[in-house]
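Participant: Here is what each chain is made of, one letter per residue.
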Amino acid sequence: MNLSLNLIAFYTIVRKEVIRVLRIWIQTIVPPAITMTLYFVIFGNLIGSRVGTMGGYSYMQFIAPGIIMMSVITNSYGNVVSSFFGAKFGGHIEEMLVSPMSNSAIILGHIAGGVLRGLLVGAMVTIIALSFTKLELKYPLITFSMVFLSSVVFSLAGFINALYAQKFDDIAIIPTFVITPLTYLGGVFYSINLLPDFWQYASKFNPILYMVNAFRYGILGTSDIDVRYAYLVVCAFIVILFTLSFLLLKRGVGIRD
Amino acid sequence: MSALSIKNLTKTYANGFLALKGIDLEVDIGGFYSLLGPNGAGKTTAIRIVCSLVEKSAGNIEVFGYNLATHPEEAKMNIGMVPQEVNFNTFDTPLNILVNQAGFYGIKRSIALKRAKKYLGELKLWDKKDDISRNLSGGMKRRLMIARALIHEPELLILDEPTAGVDIEIRRSMWKFLKDTNANGTTIILTTHYLEEAENLCRNIAIIDEGVIIENTRMIDLLKQLKQETFVLSLENDLMNDSNLNEFSYTLIGGNQLEVLVDEDHSINDLFELLNRKKIKVSSLRNKSNRLEELFMRLVHSKNDTSKENS
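Quick mapping for you: the protein sequence lines, in order, are chains A and B.
So the first sequence is numbered by my numbering: it starts at 1 and just counts up by one.
So the second sequence is numbered by my numbering: it starts at 258 and just counts up by one.
The shape of chain B in the complex, shown without the other chains (with noise of 0.2 Å):
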């Protein structure tokens, strides 16, 4: 049993627009997953047809082994979703959004109480419980967000763009309490356009562009994939320009720093083996640019390069 499992899912929106073209994905029990893709991709439609907020025109969804058509109370119990929008009654206090929600779910007053005031606590908001929400700050709201799609404690947590819009100090606090949630047991699905923050969270990964999942694996095996990466040196002293690296292809900016190719044929030790040949002194290196972030933009150019030569 997966705790999700999405086969043949296809949306056709009033206007004709296809936003997804029959995809299919499994979400094992217990897992960190993330779904990437361009804006318009399909993410969003996906997430909501599976929390029940857009109808989908064809295809099966199961969660935890129940069928969403058929047993939608029991699906929807396993459920808990972080949209990409403040969607709270922003006139109401937390602590009501909270214990309301609770209520919808069929949890009885006085155990929502409980549990509002476990997550309200958790994530940092308990001294908010009685303003208006619409005071609260952009974190704030995202996190009160987080704090009510757990209230009815649910196995499957389903985030869209969690932290868009917040401070690093705030998305990191978020990052700490996802992975915490995740290692306490529920399973959890994100879409993100940080792929640091996918990287850094996700075990596995699903790539959607244009409707049509273009890469779904493990994130290690997708970094696998990457067969060169740029690091950027920097360096202790100048290096004169006759320094012999050719053995990697690089390009010094400015005297004291190196930008440097390391392909599938070497490894980044290789290169410190010849930078210490050489009496090269490093202070300090970095990846040009997201890991994670190269290969995306690899593997949706490449598919649009293959759409327009097959057009």
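Here chain A stands alone, though its shape is the one from the complex (with noise of 0.2 Å):
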């Protein structure tokens, strides 16, 4: 494999994703930022003002990591999914299939660009919550290693379901049907230690619960699961969907006939 070939094409489709989120930062910017702003505003300054503490800080901090996670989360996995269906839809995918390009750098490249919307959408969320409460960072490698590792688990998902979908109504399947209820159910706006027995167990299935939990870790410095529990879930999320990819990939699922 020729390493100087992958790496242009790995940048050109890294910054042509770039340039896409920039180009339509209405679509793409925007809207996190007002739904963001929303749950700040009714769910930890309305509703968290007669909710008290939770974890022995105030509803607003303690639901700031997780909004701020949740939409690290939605907008990786909304990037990749949209850009990545869009070139299938539109035909252009064409273009990096033809190519000598790897399928690694295929799936790298939008991988990195599915990771750079997540976070600055996140830095863009961290901002509007610094203006409702104050945050500290406690532990800074575990918040964002945490946040970085996540951003990827969710965009090599948007990646999979970009190659499944026939139509642009299959991209909008998983995250309304799958994403959304495990990031509500994920810790974002509770600690589980307020649910009964059963559901605390339940809810240690649902990944988005480790990445939330050890996220706030790394703010806050409290936690419902064991930080080291998140990071092997996060690693094995990741070392799991890559290989899909590139197997799914390789055998041209979704995109060769």
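If you're looking for bench data, these hints aren't it; they were derived computationally from the structure.
Careful: at least some of the hints might be erroneous.
[Said to hold, decoys possible] Dumping the calculated DMTMM-like pairs for lysine to aspartate or glutamate here, alpha-carbon to alpha-carbon at most 20 Å: (1) B:Lys-278 - A:Asp-257; (2) B:Lys-398 - A:Glu-95; (3) A:Lys-250 - B:Glu-312; (4) A:Lys-250 - B:Glu-550; (5) B:Lys-365 - A:Glu-95; (6) A:Lys-88 - B:Glu-312; (7) B:Lys-386 - A:Glu-95.
[Stated by the list, open to error] To be clear about the criterion: a stretch of chain B counts as covered by chain A if any three or more of its residues have a C-beta under 8 Å from a C-beta of chain A, and this derived list gives those stretches: (8) 308-318; (9) 340-347; (10) 383-389.
The beta-carbon is built from N, C-alpha and C at its ideal position, and this holds for glycine as well.
The two chains are supplied separately, each in an independent frame; assemble them into the complex guided by the hints.
Facilitator: Following this line, the structure appears as structure tokens:
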């Protein structure tokens, strides 16, 4: 494999993706800013003032890391699934398929695009959060590594969704019926210690719970789960999803007859 | 070594449709090759397999000696493809489309920009380089796809009906560009429904029908197979019905237009000698139909007739 060729090809995809995100900023940047501001106003401010503290922090402080992580997850996923499916739908995926670039470069280029958008939106939501509450950064390495790895997981998931999608409806099914429910049930707005034992146990099968809690631990220093498990879960998902993406792309699933 | 070597290429789609039934094809380096066939014959499938857009079911493909299955990187570097349908990002600009495509081939941006200027200029698109591609005319979009296919300067250019739907002026300018590209050493394979285009441009021809190659030869040899041609002559004066041209089979239309069948026992010179002897003056002459078109129809129909007889 020609490394220099693939690095240039990778850079080309990333550049293309970043330009796309910035060109359609009104669709990519503004909506999460508005939505997350509403979360802070309604859940954090109006309802949160009546909830009191959670895990030793004000409710606004408690939900802020979860809301930031939620925006990163949904935007990483959304960027890859819409961009790659758009390329499939418009036929310009063929520009990459006829070229000598490797399948890994195609996957990594799109994942990098998804991660960059996720982190950009995450940074913006963090700024919004800071206008509502004070956030410390207890463990910066855990914070940044967890947000990065979670973004990679959902970018890969978006890539697989895009490979299988045949029509635009297909790219909305997973976010609507899988990611959103798992996010809301993943400890963004509550500590699972408030749940009955059975539901505490059931919640531990939700990978988003690990991501949100590890990220919250990095910022506030409090978590419902052992952070080491979070790294284990997230890394396992990355390995599984990358392998799956690679095999699907190699077999041409959804892109070659 | 050939520019393209296809051996026993077979394709069965998931729905069971057998699109290619073990075709063989050798394209010489520097050649200008035409792949003809009726709709659904398998031309596009063959081309898309060579360009890695469709998975083959069986067979072997080599591009300039590189096996597409075992050395895809080297093989793909040598191929440029112009597809039948517009398949670039129509929200992007021609300049970005070309520079990004170069990037996918590992070409540095600084070099890509120079090449984009060169090819957009040669294809008369430079002044549109920053326009949104969606707003380009049909002919411009076709030329943009040719520029994109050439941005990595491939040795083999494959064009799938490149002039479909463009006006005659643009078509002729594209013909000239393709002739010049071929003269500069690029091997070209072309599929087209305009048989006049194939006859004008290509030196070799393969005819594919129902997934089988039924003819594969030099254009000049194929045209020699044409045993008779019908010429339409416009005469300066009306011809009398009793003019004796019985050496030839002919039909008089409207008094001053003559349709004459020239078979393999006669030449066009024989016809003119006869007309001279009869003092019949001709103001213009043309083929009733394209020569290649006649052969194409005959080959495809004779194969279909044979298939029916066998079944």
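Participant: State for each hint whether it applies.
Facilitator: Here is how each hint holds up against the structure:
no. : hint                  : in the structure
1   : B:Lys-278 - A:Asp-257 : holds, 17 Å
2   : B:Lys-398 - A:Glu-95  : holds, 15 Å
3   : A:Lys-250 - B:Glu-312 : holds, 11 Å
4   : A:Lys-250 - B:Glu-550 : violated, 41 Å
5   : B:Lys-365 - A:Glu-95  : holds, 17 Å
6   : A:Lys-88 - B:Glu-312  : holds, 17 Å
7   : B:Lys-386 - A:Glu-95  : holds, 18 Å
8   : 308-318               : holds (count 5)
9   : 340-347               : holds (count 7)
10  : 383-389               : violated (count 0)
Comparing the model with each numbered hint stated earlier shows that hints 4, 10 do not hold.
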